[in-house]
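Chemist: What follows is the residue order along each chain.
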Amino acid sequence: MFRYYLKLGLLSIRRNPILSTLMVAAIATGIGACMTIVNIDYVMSGNPIPHRSDVLYHVQVDSWDPHEAAEEPDLPPVQVTYRDGTALLAAKKARRQVLSYRSSRVIQPEEAGQLPFEVSSRSTSADFFSMFDIPFLFGSGWDVDSDESLEYVVVINKEINERLFAGVNSVGRSIVMNGDHYRITGVLDMWDPTPKFYDVNNQSFGDAEEAYFPFSVSIANELSSDGNTNCWKPVDEGGFDAFLYSECIWMQFWVELHGADEKQDYMDFLNAYVETQKALGRFPRPMNNRLSNVMEWMDSQDVVADDVQVLLGLAVLFLVVCLLNTIGLLLAKIMRRSGDIALRRALGASRRAVFSQYIVEAGIIGFGGGVLGIAMTWLGLQGIKGLYGDFDFVTKLVTMDWLMIFAAIGLALISALGAAVYPTWRACGIQPASQLNTL
Amino acid sequence: MDIGPIWRALLRNKSSFLLIALQIAATMALMVNAIAIIQERSRLMARPSGIDEENIFYIDSSSFDKDLEYQAMVAEDLDLIRAFPGIVNAMLTNSFPLRDGGWSQALQTEPGEGIDGTGTAIYFADEHGIETFGVDLIAGRNFATTEIVWADPEGAPDWPESAIVTRAMAAEMYPDITPEQAVGKVAYIEQDQPVTIIGIVDRMQAPWKSWAGVERSMLVPMKRGQSFARYVIRAKPGYRDEVMPQLERLLAERDTGRIIDSPGTITEARRMAYLEDSAMIKLLVFIVSLLTAITSLGIVGLASFSVAKRTKQIGTRRALGATRPSILRHFQLENFLISSIGVVSGAILAVALNMWMVQTFDLTPIAWYIIPVSMLVLWMVGQLAVYGPARRASLVSPAIATRSV
Amino acid sequence: MLSMQNVSMVYRTETVETHALRDFSLEVGEGEFVSVTGPSGSGKTTFLNIAGLLEEFSSGTYKLDGKDTSSLGDTERSRLRNEKIGFIFQSFNLIPELDIFDNVDVPLRYRGFNAAERKERIERVIDMVGLGSRMKHLPSQLSGGQQQRVAIARALAGEPRFLLADEPTGNLDSEMAESVMQLLEEINAKGTTIIMVTHEPKLAGRAKRNIFVRDGRLSSVEPQLQVAVGG
Ligand SMILES: Nc1ncnc2c1ncn2[C@@H]1O[C@H](COP(=O)(O)OP(=O)(O)OP(=O)(O)O)[C@@H](O)[C@H]1O
Ligand SMILES: [Mg+2]
Chain A
230 MFRYYLKLGL
240 LSIRRNPILS
250 TLMVAAIATG
260 IGACMTIVNI
270 DYVMSGNPIP
280 HRSDVLYHVQ
290 VDSWDPHEAA
300 EEPDLPPVQV
310 TYRDGTALLA
320 AKKARRQVLS
330 YRSSRVIQPE
340 EAGQLPFEVS
350 SRSTSADFFS
360 MFDIPFLFGS
370 GWDVDSDESL
380 EYVVVINKEI
390 NERLFAGVNS
400 VGRSIVMNGD
410 HYRITGVLDM
420 WDPTPKFYDV
430 NNQSFGDAEE
440 AYFPFSVSIA
450 NELSSDGNTN
460 CWKPVDEGGF
470 DAFLYSECIW
480 MQFWVELHGA
490 DEKQDYMDFL
500 NAYVETQKAL
510 GRFPRPMNNR
520 LSNVMEWMDS
530 QDVVADDVQV
540 LLGLAVLFLV
550 VCLLNTIGLL
560 LAKIMRRSGD
570 IALRRALGAS
580 RRAVFSQYIV
590 EAGIIGFGGG
600 VLGIAMTWLG
610 LQGIKGLYGD
620 FDFVTKLVTM
630 DWLMIFAAIG
640 LALISALGAA
650 VYPTWRACGI
660 QPASQLNTL
Chain B
5 MDIGPIWRAL
15 LRNKSSFLLI
25 ALQIAATMAL
35 MVNAIAIIQE
45 RSRLMARPSG
55 IDEENIFYID
65 SSSFDKDLEY
75 QAMVAEDLDL
85 IRAFPGIVNA
95 MLTNSFPLRD
105 GGWSQALQTE
115 PGEGIDGTGT
125 AIYFADEHGI
135 ETFGVDLIAG
145 RNFATTEIVW
155 ADPEGAPDWP
165 ESAIVTRAMA
175 AEMYPDITPE
185 QAVGKVAYIE
195 QDQPVTIIGI
205 VDRMQAPWKS
215 WAGVERSMLV
225 PMKRGQSFAR
235 YVIRAKPGYR
245 DEVMPQLERL
255 LAERDTGRII
265 DSPGTITEAR
275 RMAYLEDSAM
285 IKLLVFIVSL
295 LTAITSLGIV
305 GLASFSVAKR
315 TKQIGTRRAL
325 GATRPSILRH
335 FQLENFLISS
345 IGVVSGAILA
355 VALNMWMVQT
365 FDLTPIAWYI
375 IPVSMLVLWM
385 VGQLAVYGPA
395 RRASLVSPAI
405 ATRSV
Chain C
3 MLSMQNVSMV
13 YRTETVETHA
23 LRDFSLEVGE
33 GEFVSVTGPS
43 GSGKTTFLNI
53 AGLLEEFSSG
63 TYKLDGKDTS
73 SLGDTERSRL
83 RNEKIGFIFQ
93 SFNLIPELDI
103 FDNVDVPLRY
113 RGFNAAERKE
123 RIERVIDMVG
133 LGSRMKHLPS
143 QLSGGQQQRV
153 AIARALAGEP
163 RFLLADEPTG
173 NLDSEMAESV
183 MQLLEEINAK
193 GTTIIMVTHE
203 PKLAGRAKRN
213 IFVRDGRLSS
223 VEPQLQVAVG
233 G
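If you're matching them up, the sequences are chains A, B and C in order.
According to our numbering, the residues represented by the first sequence are 230 to 668, in order.
According to our numbering, the residues represented by the second sequence are 5 to 409, in order.
According to our numbering, the residues represented by the third sequence are 3 to 233, in order.
Don't take every hint at face value.
Stated by the list, open to error - No farther apart than 20 Å at their CA atoms in a straight line, the calculated lysine to aspartate or glutamate pairs in the EDC-like style are these:
#	chain 1	residue 1	chain 2	residue 2
1	B	Lys70	A	Asp436
2	B	Lys313	A	Asp569
3	B	Lys286	A	Asp270
4	A	Lys507	B	Asp281
5	B	Lys213	A	Asp535
6	A	Lys614	A	Asp436
7	C	Lys192	C	Glu161
8	C	Lys86	C	Glu19
9	B	Lys70	A	Glu339
10	B	Lys18	B	Glu338
11	B	Lys213	B	Glu117
12	A	Lys614	B	Glu117
13	C	Lys86	C	Glu57
14	B	Lys189	B	Glu176
15	B	Lys316	C	Glu161
FYI, nobody ran anything at the bench for these hints, they're computed from the structure.
These figures come from a predicted structure and were not determined experimentally.
Sequences and hints are given; from them, build the entire structure.
Modeler: So this is what it looks like as structure tokens:
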């Protein structure tokens, strides 16, 4: 029977080629528009480090202005001061802790003929690599001792290794940055968390840095941050040291904690720390410390651009219009054949048979729309890439993974059947006798 | 003319016409909100930065030489640049409008802690600043060469004693007096360091285009830096693209202990600053056009069906004396009624959606006139879409009445 | 007065030319009741369509009330149809989504009467065909005979001078047919000219004048006999 309905369906579709094309195109554009934006939203709100996102916590302590909260409504600052960052790091109260900031350096290749070039870099404490589970191609990070003894060590990424050493294992060799020699301890494999969760305040979808070295070395070299620096209180005179001692926030501090107990213990520790600072006359605001795991942090920082959410709302509405369009056309088509249906019913077709016949026909249209819709999604993503192409990170947002492809197929099927159900149900409602009277 | 019977006939065929009406309503809701966003973004994009955007470019220099004589390097660089043919003027600064990165500070009218200040962008400048940026000094005077100071490159700078602020900054700080009267006023930076306002420029945006106080900025007679230097350079009209690469080469060849970043123009900075907005506008225009096309094709399709289904009744009407124009009018009137239900419910839906978006995304509410304009547009779209099928209907021969079964 | 002189009608399709009427000449006077009979495909409906200004013909002249119709544009023809001619169809041709009242209203709307006048006329003719209690019914809620009576009411509402009926009883049983026939006779008695195509010799016989069409021509042969032969 199914083959018979399939035949009838295809026949009827071929009888109205323009209209059938219109219906397929409507579903396809609707799904294309919707899935393009859903895909971008999905990538933006994706979990950059799924296997560890529950044990990594971003730390905030409220060291801000007594007269004004750092962020409305009454939120602590999003970064930490050098004083607090180094104090919390030295306390070692979590399993692991990372204090870091973004900066840039100039690499001066020693080989003749190669020009110096600038790299984005991260000055960080040693746990960065193990805590964020970063893959290494060669070697490894450095140990905590190197932090404390100001060792000039560096980890470079794969691309820099290609550029300087043609991709061979360069561990143990040295490079010159801003006039100083650094020993390479490791080369990173491809690593590109999206969003760049460990520093969302400085380009949340930017690339991971190209070179990493101990933050203590950078501080010793008075290397300031490339990222945002905010101060609520005047900085005293006295150069870089005064800046380090100031209430300016410019570093990111993360800890690794397993389970609620560890989290509670760490919170208690933070509160106790703030009490000691209050005793010194700092932290004029009420106690307001935060520990947010990766996804909580992404949420609170509105990593997904507002534009994407507005577009998502509009795209859903767009799909609704496309579906209404298809429902209307299918209904008109079926109603126009109500004489035909009544006749079939009079000739002994059951309600079920009529239902099957039309749901198969609508299903073919929906399926066509869905398949085309996936192609449209791809086109839509290319279009987005064209529009926003000058933002380098956009290529990360316009890649479709399998989950999204299946989601597109699923949405297509649901939409198609959704569009088919009402007209088919109306077709079933046509009485065998109804048409005989009015013709 | 014959609204009554058409309306009653529509009511007997509720489902199909409600579907079109709903479709028009949803289209309208989307259209209105998209237009509101487009208007908002276009308004933002149309704001002038106040500087001579077409002719200004910048060159960044990062030195890595540990024995660098920074101040001497800057002085020599600037002498070279200013002497270069096709250049109006140049100076060392920290940022420029549309760069989306810079220095901000608060100015207060009274010294002391806990007093509300007015946030402003800070541009480091010298006596060449006004000419280099190409801003209009509307009151007071320019910096004198003797006022320019070199600031501590690491810690907090010791702020100079004078400053030039924008008209918007002056108005925000001293709402009760004219900008001219603000000249000579003493404001306080870092809570208690006095700064005398010596001049007012008409307009010069802060580097952050999304900041609420974007029109507030301040030029201070100060130079600062130890390895990184940003030169803002204003070329004579028409010379920018020619001299930009020449200057880049000149600076790069002069000193090998540094990296000269490829220079950029303000035009490009504007494009990048508003890339999201212009992309959003393009996307929305595309979505709205596509949607309108789909909706009108849907109307064409449904009207064609309805004409085909009603061929015999059209023939009968013709046989009973309907003229061709009256058949055309019949279908257009029918579409008008359906569209009316669509646009009226669409207006309600649009306002509801807008209220939600205003609440969730801090958008500005729609201007009231967008609603009647969109209604009109959709009415017209409906009439245009139905015209083809309606014309076909009007060509149905009255003989159909006796011929068809 | 309705007068046709040598009217010919040729239907052209890609493959064949059909001469539906050839040199057809006929005069129908004021107040006549003419029946038209003839074999299937002989051209009866074609004649009625031309007489009712539903179709344009290929050659000849056709004058309605002394006015030559061949030079008239579509709008003028529509107006004449609306004012002077009432139609009754074999398959009733009621508009399914309009109720009885609105169906009868259709020609009056095109006539441009005001609301009060329309209402008065509609109620009068619907009462006349005996369906006064069914004003708000849809066509699908009526029997065939009732539907045809509505169609007659619709044809009469504008008080046309000519009533053209193409097998008005073709879809009805003999009892229904009889009541429709009586209605037509009453209308004719009030002065309306009626031209009725029918296959029923009995009904044709009740007309005051019978004409017979064969192969698109008026046939001189005795109608009663021919009907028996053509069967
Ligand atoms: N639109 C048309 N195109 C081509 N030929 C047509 C058309 N309409 C009618 N004809 C042909 O013209 C001839 C006359 O048709 P007409 O409908 O007038 O016959 P009729 O006498 O009314 O027959 P019946 O008694 O079966 O209704 C027929 O041969 C018919 O096939
Ligand atoms: Mg006939």
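Chemist: Does each hint hold? Answer for all of them.
Modeler: Hints, verified against the model:
no.	hint	verdict
1	Lys70/B - Asp436/A	violated, 29 Å
2	Lys313/B - Asp569/A	holds, 13 Å
3	Lys286/B - Asp270/A	holds, 19 Å
4	Lys507/A - Asp281/B	violated, 45 Å
5	Lys213/B - Asp535/A	holds, 16 Å
6	Lys614/A - Asp436/A	holds, 17 Å
7	Lys192/C - Glu161/C	holds, 11 Å
8	Lys86/C - Glu19/C	violated, 32 Å
9	Lys70/B - Glu339/A	holds, 17 Å
10	Lys18/B - Glu338/B	holds, 13 Å
11	Lys213/B - Glu117/B	violated, 29 Å
12	Lys614/A - Glu117/B	violated, 49 Å
13	Lys86/C - Glu57/C	holds, 16 Å
14	Lys189/B - Glu176/B	holds, 14 Å
15	Lys316/B - Glu161/C	violated, 24 Å
Of the numbered hints listed earlier, those contradicted by the structure are 1, 4, 8, 11, 12, 15.
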